[in-house]
Amino acid sequence: SQAAQAAEDGIRVLSAEKRIDLTGPIVKVFLTLKVQNTATGADASHVLIAFTPAEADHLAIVKATRAEGKRKKKTYIPLPVSPADPATAAPNGARLYSISLPTPLKPTDTTTVEVFYVLTHSLEPFPAEITQSESQLVYYRDSAVLLSPYHVQEQGTYVKTPSSRVESFTRVDPTSRSGPDVKYGAYGNQLPYAYSPIILHYENNHAFAVVEELVRKVEISHWGNVQVTEHYKLKHGGAKHKGVFSRLEYQARQSISGASSFKNLLARLPPRVHSVYYRDEIGNISSSHLRSDSYKSELEIEPRYPLFGGWHCTFTIGYGMPLQDFLFESADGRRFANLTFGCPLLNTVVDNLTIKVVLPEGSKSPQAVVPFETEQHLETSYSYLDVVGRTTVVIKKKNVVGEHNVPFQVYYEFSPIFMLAEPLMLVTAVLLFFAACIVYLHTDLSIAKSQASS
Amino acid sequence: PRPAPRADETLAQIPPPRPPMAAAASTMLESLPAPLLRALRLKTKQQELLLRVSALALIYVLAFAVRLFSVLRYESMIHEFDPYFNYRTTLYLTEHGYSEFWNWFDHESWYPLGRVVGGTLFPGLMVTAALLHRLLRALSLAVHIREVCVLTAPFFAANTTLVAYAFGREIWDSGAGLVAAALIAVCPGYISRSVAGSYDNEGVAIFALLLTFYLFVRAVNTGSLAWSLAAAFGYFYMVSAWGGYVFIINLLPLYVLVLLVTGRYSQRLYVAYNCTYVLGMLLGMQIRFVGFQHVQSGEHMAAMGVFFLLQVFFFLDWVKYMLNDVKLFKSFLRITLTCVISVGTLALGIGTASGYISPWTGRFYSLLDPTYAKDHIPIIASVSEHQPTAWSSFMFDFHILLFLFPAGLYFCFKRLSDATIFIVMYGLTSMYFAGVMVRLILVAAPAVCLISAIAVSATIKNLTTLIRSKSKSPQTTGKTTGSKAAAKGAVDQPLPFQHNVAVALLLGAFYLLSRYAIHCTWVTSEAYSSPSIVLSARGHNGGRVIFDDYREAYYWLRQNTPTDAKIMSWWDYGYQITAMGNRTVIVDNNTWNNTHIATVGRAMSSYEDEAYEIMQSLDVNYVLVVFGGVTGYSSDDINKFLWMVRIGGGVFPVIKEPDYLVNGEYRVDKGASPKMLNCLMYKLCYYRFGELTTEYGKPPGYDRVRGVEIGNKDIKLEYLEEAFTTSNWIVRIYKVKPPKNRS
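Residue numbers (full-length UniProt numbering), protein chains in the order written: chain A, 1 to 454; chain B, 1 to 743.
One should not assume that every hint holds.
If you want a taste of the chain A side facing chain B, the calculated C-beta under 8 Å gives, among others [as the list claims (entries may be wrong)]: (1) Ser-246; (2) Leu-248; (3) Glu-300; (4) Arg-390.
Derived CB-CB ranges, DEER-like [as the list claims (entries may be wrong)]: (5) Arg-538(B) with Gly-24(A): 51 to 61 Å; (6) Ile-438(A) with Ser-224(B): 48 to 58 Å; (7) Leu-717(B) with Gly-24(A): 45 to 55 Å; (8) Leu-131(B) with Lys-63(A): 52 to 62 Å; (9) Gly-362(B) with His-289(A): 45 to 55 Å; (10) Gln-227(A) with Leu-254(B): 53 to 63 Å; (11) Lys-670(B) with Ser-292(A): 31 to 41 Å; (12) Arg-41(B) with Ala-429(A): 45 to 55 Å; (13) Pro-739(B) with His-289(A): 22 to 32 Å.
Honestly, the hints are just simulated from the structure, not real lab data.
Given the structure is predicted, the values throughout are model-derived calculations rather than measurements.
By construction, the Cβ of each residue, glycine as well, lies at the ideal position given by its N, Cα and C atoms.
Let the hints inform the model, and build the full structure from the sequences given.
Structure representation (structure tokens):
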């Protein structure tokens, strides 16, 4: 195939720099690749990057940009990234992603591609169970050298951990560490698919907030409101809590007790939200604060209890938004709702995200435009005074992180006459009731005339 | 039990909204321009109808709206304890359908016994709510069953006002009916059990009770089979909704007996009672929980006896008519009466002796004899709503009705009829029961409202007639009559200052009624509208502080314990744990098995190692206790502990109440008895409490409810470990450790 040819064609990585950010609950990797087309005669239109199978399973998002211009006038052009043809044979099950270059790379030309990707669930807590007074230690596994289908001439890996408490790390000389930073490399002249496993064992007390399931329901009403209801199934994904939970310790010694637990979360909502609520199956949860300004609204929520490792919590957030901020008319006369994808909770990972866009009754030919691959289907939902039901666009995606919070659009056709259907129904019902009353009062159904009524 | 947290005392006093004026319609008509007015002018009868309908409609809305304080103050949620069970079963009913509900064996309660829910509850409330929910769904209103449940009680309270109106009209006149509707709409005695969220049997049962009484009185007044049939169905609904139906099945025969004795026997009564009793009994048997009690239980025998008595009476009446000879009839009467009485006594005797007719239950005895429960059934006596009523609660719940009631009785006796005799009897008996048990104020409330309404209506009517007659014929005022006979003969002979006195009295009546309205609104908003799951208090800076510890703990249980975990707690919290925590409990508020409850009481009052054995035998995984020492929440487990000891000791004599007392005094400080300081309940409540400073200037381990420093600060737990404590320490959950490996 083309991709395989390109690899053989001899793209060469002149220098590679891999920066791994391990400070949070998710792993962020910045990759700077300086590549050269060493082939003779053939242009290269793709650059491939490789992931181990484990990494590929936990890969939430991959973004690539190409820097153009010099120094201060540097502009970054986003490049499309897609999984490479699965037929492409790669050793040990490595998975390839191909970055398409907008202008093919001519022979002997070089370019710099910057890749950013996010791995979720890649930090393994060890020990897997901790008590309230212990802090959380995690393993991170990667390779010291860059896994790449190309020859790599020079390469370095930089790892940043949240604190200087690094229990252990694999040495692949040259390796150095200063405080929270561990540096691997530089290594020269690595063969394609070279791999040199490393393990870092370090302290990470960040909130490992994992939303196992999030269902967001966006109901559009042409009477002026967009109602959002979000059902969360939250879990602390870190090291499991073991043994006693002492409220006394937790209250008296907050800094050292339950260091890896968290008790509040921040949700960033659109500006001008109204009627915000926060509840669960058994009622309202009274611990939340809403701050809003003209750019955004911030909802700080506290679950009913602090979440320790392995503890679960489910809740629902709902809010209304003004319609004019989100609904527009496109050039071809269709309406489109411009909504934000992803999860409004900051610093969380969503394992399964379902977005249901409930269009008004009577909408036709809906179409969702999402900038990345999702699973979509249509269904019908019923709400107040619905007769035929509302068309609902269901969008599903797995492994969603903050980088997925980008706008997406749902296009549909809608005739405003349908807006009047429900008020007219109510008017008719009231009218019929009065008519029935009048008829009842003016008819005499008795068989014999009453004697007394004279 | 209604906990009265210290926090409640500091609630803000919001000025109560006044009920809307009912007579707005007439003033509106007068303000219209003259020609239009002429075109729209209604006949007096129509005007009266319009006024009556609009007043009733306003009362209906008022009755519903006044019960929504709790939703506005807190949220749309279920209150208290029992309603949580009702809500859980309703949820089950809507999710699984009626036949599943009917056959439901609940293994989440009374572990390891379980509970046959379908056969041990009154399904009326749940079925009503489920039907309302289905109706709303059919009208494509996408409401959740919880909202239906929360608003069921206010909805039925509003319906009760309509029944009260009809009832009042039946026994007196439509004016009294309107006043009765208005009084019952805001009567605190009734509101206490029917605010939004108080999803309990009483919510619909009072409606059913009053409806049955109204229909029966109507049947007696008309002698119509149709009304008797309606009364039987009303009774059926009541049987399906609440155990208080026993009151009806005993009051009706008593009423019939009184009518017989006072010589007011009539064919109408015969038709009404027989039809209502026979059909009502047959229909009542269809409720599984009641079953054959109508023919087998001692509590229902009075109705049957009166039924037979009525037949004998009718028969004798007929024989008397046929014989037409006093002497012959008298000897016949003697023979028949002897036969009937001996047969009746024999049947009752054989029935009771053979066990076919069950004797009266303890609950029934405790109603007749207020001291019975205290001596024999501690589990009934331990519930605060089963305590004898204090005078202050009467005043609190009835306010001016308390002295309008005797006045109403006076009017009733003045104009005695079958209907007024009924309401008098209903009033007197229910007042007695209200005195025996606090919660039965509820049953008395409709009667008190109706009788008071008669007093109010009759008084105001008399006064207004006086004022009107005066203004119509002013010349009669100064007239003086010489002879006494003439003065007696003239009915409306005016007294000096009659007009002024009448106006003053009228104003006084309005003042009283408006005080009543203000009092009712205030009581509703301050006392009866807190859900008791969520506690609130005023913070230092005047803001409202919410203590949501119960739900915190229940939700923690629901989310973070194994789904088959068994929770041991005192029975008060059983329903809430199963409904909100969704976990299996050992005992709950359906206190059907005294031994099981006593076992839990025994575990709580034993030393830890003994308790551990009991808990192991019951497969307990978690123990939940409620502790108010940090917040000053007084209805916690330490304050309930003596009842646990008593109930436990009632079955297991190893538990002795004096062991926990010092010189008959219950204390938790250093002077407490050693058994008290080391029993499981004490340990679980005060575990690590000795390290906590609760109040500034007090030593650590200062219990804010008891107001003492605790006596045992060094508590070690061997078989249990702290699993969760809520943010204000109100609920503490401990995990039972698995048995140690044998070494």
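How the hints compare with the structure:
no. : hint                                   : result
1   : Ser-246                                : holds, 6 Å
2   : Leu-248                                : holds, 5 Å
3   : Glu-300                                : violated, 16 Å
4   : Arg-390                                : violated, 11 Å
5   : Arg-538(B) with Gly-24(A): 51 to 61 Å  : violated, 41 Å
6   : Ile-438(A) with Ser-224(B): 48 to 58 Å : violated, 29 Å
7   : Leu-717(B) with Gly-24(A): 45 to 55 Å  : violated, 38 Å
8   : Leu-131(B) with Lys-63(A): 52 to 62 Å  : holds, 56 Å
9   : Gly-362(B) with His-289(A): 45 to 55 Å : holds, 52 Å
10  : Gln-227(A) with Leu-254(B): 53 to 63 Å : holds, 57 Å
11  : Lys-670(B) with Ser-292(A): 31 to 41 Å : violated, 54 Å
12  : Arg-41(B) with Ala-429(A): 45 to 55 Å  : violated, 32 Å
13  : Pro-739(B) with His-289(A): 22 to 32 Å : violated, 46 Å
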